[in-house]
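> Below, each chain spelled out in residue letters.
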Amino acid sequence: MALSYPLQVVNLLAALLLLISFAMLSQRRIAGLVTLFAVQGAALSLSTAIVAWSTGQHHLYYSAALTLGLKVFAMPYYFFRLIRKLDVDRDVEPMITIPTTMLIGIVLVIFAFNLAMPISQMSGTVTRSTLGIAMASVLLAFLMMITRSKAIPQVIGFLAMENGLFFAATSATYGMPMVVEMGVALDVLVGVFVLGIFFFQIRETFDSLDLKHMEKLKER
Amino acid sequence: MEIYWLLGIPLSGGVFLALWGNRRNAPEINALFSLLTLIAAAALTARIIEHGPMTVGGEGWFFIDPFNVFLVALTAFVAFTTSLFSRPYMRIEKEHGRLNDKRLRLYHSSYQIFIAAMLLALTTNNMGILWVSMEAATLATVLLVSLYRSPASLEAAWKYFILCGVGIAQALFGTILLYFAAEKVLGSGGTALLWTHLNEVKTQLEPTVLQLAFVFLLVGYGTKVGLAPLHNWLPDAHAEGPTPVSAVLSGLLLNVALYAVMRSKVLVDGALGTDMAGNLMMGFGLLSVVLAAFLIKRQTDVKRMFAYSSIEHMGLVTFAFGMGGAVASFAGLLHMTMHSLTKSAIFFAVGHATQKAGTQLMDDIRGLIKTNPTIGWGLMLGTIAILGVPPFGVFASEFLIITTAMHEHPWATPFLLLALGVAFASIFGKVQPMVFGETEMPRLPYQPALTPVFIHLGLVLMLGLFIPPYLATWYRQAAALLGG
Numbered sequence: 001m002a003l004s005y006p007l008q009v010v011n012l013l014a015a016l017l018l019l020i021s022f023a024m025l026s027q028r029r030i031a032g033l034v035t036l037f038a039v040q041g042a043a044l045s046l047s048t049a050i051v052a053w054s055t056g057q058h059h060l061y062y063s064a065a066l067t068l069g070l071k072v073f074a075m076p077y078y079f080f081r082l083i084r085k086l087d088v089d090r091d092v093e094p095m096i097t098i099p100t101t102m103l104i105g106i107v108l109v110i111f112a113f114n115l116a117m118p119i120s121q122m123s124g125t126v127t128r129s130t131l132g133i134a135m136a137s138v139l140l141a142f143l144m145m146i147t148r149s150k151a152i153p154q155v156i157g158f159l160a161m162e163n164g165l166f167f168a169a170t171s172a173t174y175g176m177p178m179v180v181e182m183g184v185a186l187d188v189l190v191g192v193f194v195l196g197i198f199f200f201q202i203r204e205t206f207d208s209l210d211l212k213h214m215e216k217l218k219e220r
Numbered sequence: 001m002e003i004y005w006l007l008g009i010p011l012s013g014g015v016f017l018a019l020w021g022n023r024r025n026a027p028e029i030n031a032l033f034s035l036l037t038l039i040a041a042a043a044l045t046a047r048i049i050e051h052g053p054m055t056v057g058g059e060g061w062f063f064i065d066p067f068n069v070f071l072v073a074l075t076a077f078v079a080f081t082t083s084l085f086s087r088p089y090m091r092i093e094k095e096h097g098r099l100n101d102k103r104l105r106l107y108h109s110s111y112q113i114f115i116a117a118m119l120l121a122l123t124t125n126n127m128g129i130l131w132v133s134m135e136a137a138t139l140a141t142v143l144l145v146s147l148y149r150s151p152a153s154l155e156a157a158w159k160y161f162i163l164c165g166v167g168i169a170q171a172l173f174g175t176i177l178l179y180f181a182a183e184k185v186l187g188s189g190g191t192a193l194l195w196t197h198l199n200e201v202k203t204q205l206e207p208t209v210l211q212l213a214f215v216f217l218l219v220g221y222g223t224k225v226g227l228a229p230l231h232n233w234l235p236d237a238h239a240e241g242p243t244p245v246s247a248v249l250s251g252l253l254l255n256v257a258l259y260a261v262m263r264s265k266v267l268v269d270g271a272l273g274t275d276m277a278g279n280l281m282m283g284f285g286l287l288s289v290v291l292a293a294f295l296i297k298r299q300t301d302v303k304r305m306f307a308y309s310s311i312e313h314m315g316l317v318t319f320a321f322g323m324g325g326a327v328a329s330f331a332g333l334l335h336m337t338m339h340s341l342t343k344s345a346i347f348f349a350v351g352h353a354t355q356k357a358g359t360q361l362m363d364d365i366r367g368l369i370k371t372n373p374t375i376g377w378g379l380m381l382g383t384i385a386i387l388g389v390p391p392f393g394v395f396a397s398e399f400l401i402i403t404t405a406m407h408e409h410p411w412a413t414p415f416l417l418l419a420l421g422v423a424f425a426s427i428f429g430k431v432q433p434m435v436f437g438e439t440e441m442p443r444l445p446y447q448p449a450l451t452p453v454f455i456h457l458g459l460v461l462m463l464g465l466f467i468p469p470y471l472a473t474w475y476r477q478a479a480a481l482l483g484g
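First to last, the protein sequences are chains A and B. Its first residue numbered 1, the first sequence is counted upward by one per residue in the numbering used here. Its first residue numbered 1, the second sequence is counted upward by one per residue in the numbering used here.
I should point out that these hints are in silico values taken from the structure, not numbers from a laboratory. Just so it is clear, CB atoms sit at the ideal spot from N, CA and C, and this is done for glycine as well. Among the clues, some could well be false.
Derived DSBU-like pairs (lysine-lysine); straight-line CA-CA distance at most 30 Å [said to hold, decoys possible]: (1) A:Lys85 with A:Lys212; (2) A:Lys150 with A:Lys212; (3) A:Lys150 with B:Lys102; (4) B:Lys202 with B:Lys297; (5) B:Lys370 with A:Lys85; (6) A:Lys212 with B:Lys297.
What the simulated footprint calls covered on chain B by chain A, stretch by stretch (three residues with Cβ under 8 Å from a Cβ of chain A suffice, anywhere in the stretch; the number is not a length) [what the hints assert, rightly or not]: (7) 119–131; (8) 152–164; (9) 172–182; (10) 205–213; (11) 391–400.
Construct the complete structure from the given sequences, taking the supplied hints into account.
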């Protein structure tokens, strides 16, 4: 079956999304991570808009606009300001070396595609083939959260995971009901602000945003 | 109508206290808002008992049946008594210089918003909004856990945020899968995630998708229930936050998370027609009970110890719900109630004890019975109650759970009995010297606010001796809704 032109673009953007997830895994600088996060948001927003246009699902336009506003402009802007204020833009040393992380990442992608296969076969949407990619980027973001020890990269990993979930919702079902999507966006927004406050508290107390200082609470 | 009051009061309380929460009488305002919420909850409960389940608003945005109205009543009640307890407690914390006006304002405002989020999670009919409000409840409490700004409390709050965030992201994926299955039957749009609509067509939902969805939902919400092995955040968050926060986290939030799991389970059971969901829950529940019991033995911090005890009891409830059937579901609901009331009472007593001793280490707290008999007896009776000594209500529910397990899953009983025995020995062995040990500490200079403790324990005692018929009917109706 030949894909229509807009769908090819969506597939291209999906591939880009996966590529960015890998780029995030290999990125050492926090500012670089924020930029990648913004680019990922842009790809997500564009692909949502194209799906909306080609399938006539108008509520997806709102989601696309919401993603564009929050994840491409508001949050990266806020993160850049935090980085400047907290003066933390140095190299981040992951806890596992980057080549190893990339290899684990490849395994995760294969796993995600296998997991998504039965579901995407059942899906009636034209974008179902991208579901595997969405799941892969969720898992890759999860991997990034595990391998980073600094606070901001962990949060960006968390947000990238949310991006992946959002993409999964778009490709499997043309997005969640509007009221839910608004709610999720509100939660993410509040969460980022709570974390902003939180970063300052951590910084004040520990003189650093490195979470290695935070390993007191363990079962002995 | 009551439902709008129920959600509107705590929400406006949150806004009001965000603006004026640093006033001298903010604790009283906090208690007042909680009291109004309780009245609204009581009115709603009365209506449900009289008229049965109902949906409210638009296409049925809210859905209230005996199962969730029982949790609404419990939540509003414990939220009110906790606000009474927190009134003098937080004042003394301020006098000790651990808190200032700004943080008290944050505390009072977040407290009300937290209650509003939990009540929304309980009453909403939309599985998506359920997710949103669970996440909102987490966000409202993150800054409460780190309220003291000590290194340990910041670490606990960070762990709480990240672990629950990751957990709840799994639940979001589960919800997406649920919507994916629902959309095929109900068509796309806002109504496809409404629980009442889903419940009507649950047998037509695609089983493979729902199976996968339930795994994600259980892992996601299970993280918030504190099920092992996803429980790591719980002891830290309970131990490092202020005591009123520990009481509501332990007594209420865990219940609400389990409620979310149960709502999903009913749908999945209908679609699958197998015991897959129940078996998974039994597995997680049993693991939590056993693991927590053995970890209790190693604790030195009193709030941490009771946090592990919460994991144990939530594990027990999860196990009971996993077994399914009328008796086990009834016992699970009863145990949920007993645990909420008893555990929050214990945290109130522990709060005063640690505040006085200036430490949470059990070795440094001795002879409470001499320094203040009320606190001493409160803690001792609470401990006896939570350990399941008759005639307290916890005994009744644990007895029901274990006898049902003997009937239906005999292999599980040795594990349960062993875990309960270990927990009994460790907790009793540690609390006994705290209450009756030798001490040279002076008597407590102020009168502790322990009325809530004895109200809670009185209720637990009453329910252990005699469950009023209307209450029993109510529990039975709720248990039936869970597929009893």
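> Each hint needs a verdict: does it hold in this structure or not?
Evaluated hints:
no.	hint	verdict
1	A:Lys85 with A:Lys212	holds (21 Å)
2	A:Lys150 with A:Lys212	holds (8 Å)
3	A:Lys150 with B:Lys102	holds (28 Å)
4	B:Lys202 with B:Lys297	violated (44 Å)
5	B:Lys370 with A:Lys85	violated (52 Å)
6	A:Lys212 with B:Lys297	holds (28 Å)
7	119–131	holds (count 4)
8	152–164	holds (count 9)
9	172–182	holds (count 7)
10	205–213	holds (count 4)
11	391–400	violated (count 0)
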